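Student: Sequence:
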Amino acid sequence: MNPSVHPSSVVEDGARLGAGVAIGPFCHIGAGVEIGDGATLLSHVVVGGRTRIGARARIFPFAAVGLPSQDFKAALAQGALTIGDDCVIREGVTINAGAGEGTRIGARCVFLAASHVAHDCRLGDDVILSNQVLLGGHVEIGDHAMIGGATAVHQHVRIGAHAFVGGLSGVEGDVVPFALASGNRAHLFGLNRVGLQRRGFAPERIERLRRAYRLLFAREARPLSERIDCLSRDFAGDADIAAIVEFLRAPSTRPLCAPRARAESP
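Just so we're aligned, residue 4 is where the sequence shown starts under the working numbering, counting upward by one.
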């Protein structure tokens, strides 16, 4: 099935459109763009740079995808952007190309209205950004994480898989996988238990995560490195805990988001 392009839209020479792609009115597709099979651009969408959009994407009016980074130091250098299959990009979303290695977004991600992904971010599969979420450059978000509306995430912050960040938050520290964080500045409240239950995590699996969380954030004088070693030892063979340990041991330039002194127990 050949692509369909509305007469009012511009598709520059060199752009590659997959089978069944539908380009609505008043769109502009740059020469370096590749759009996968079955994708739909409703209207007034701009896609530029070295951008690859996966199959069956749905992009809504006034989205700007793959344009140069807003990082002044990058001097508008044109990096790359890769977006996986089955992503939804709603009205007014901006997703910038990378200034360095490139911005990479997994499959089945959803970007609600007016959300922004800055240069060189890395998002896993099934990530949801609610309305007006702002990601600074080099942010990393794991699979199945969800960010509530009007939340701002500091550059270089990492948010682990299956984490949930509440709306109106300011996130300046790394959020461990499976956690629930909120506030300005954001702190941890415990596990993302509702999200884990909705994704079919068994009660005993959630209980192991709860025990690991309490060990990791126990109010005691032991250094964090010792508590991480305890997690690795006491939960040997548990893939979920191994993911938390790997996250904590990975290099980071940001502090760790932790519970406040009187935060509720998980």
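In short, the hints are calculated from the structure, not lab data. A portion of the hints provided could be inaccurate.
Derived DEER-like restraints, expressed as beta-carbon distance ranges [stated by the list, open to error]:
#	residue 1	residue 2	range
1	P226	G170	29 to 39 Å
2	R263	R236	36 to 46 Å
3	K76	R188	17 to 27 Å
4	A34	R213	48 to 58 Å
5	D16	Q73	24 to 34 Å
6	S46	R217	48 to 58 Å
7	E249	R188	22 to 32 Å
Note that the structure is predicted; figures quoted are calculated from it, not measured. Even for Gly, the Cβ is constructed at its ideal location relative to N, Cα and C.
Student: Assuming the hint says 24 to 34 Å, is it satisfied by the Cβ distance from D16 to Q73 or not?
Tutor: holds, 27 Å
Student: Has the hinted range 17 to 27 Å been met by the Cβ atoms of K76 and R188?
Tutor: holds, 25 Å
Student: Please check whether A34 and R213 have a Cβ separation lying inside 48 to 58 Å.
Tutor: The hinted range 48 to 58 Å holds for A34 and R213, with Cβ atoms some 52 Å apart.
Student: Okay, P226 versus G170 on CB: inside 29 to 39 Å?
Tutor: holds, 33 Å
Student: Taking 48 to 58 Å as the stated bounds, is the beta-carbon spacing between S46 and R217 within them?
Tutor: Distance hint for S46, R217 holds at roughly 51 Å.
Student: May I ask you to test the hint 22 to 32 Å on the CB atoms belonging to E249 and R188?
Tutor: For R188 against E249, whose Cβ atoms are near 25 Å apart, the range 22 to 32 Å holds.
Student: Could you tell me whether the CB distance from R263 to R236 stays inside 36 to 46 Å?
Tutor: With a Cβ separation near 28 Å, R263 and R236 fall outside 36 to 46 Å, so the hint is violated.
Hint 2 from the earlier list is the only one contradicted by this structure; the remaining hints agree with it.
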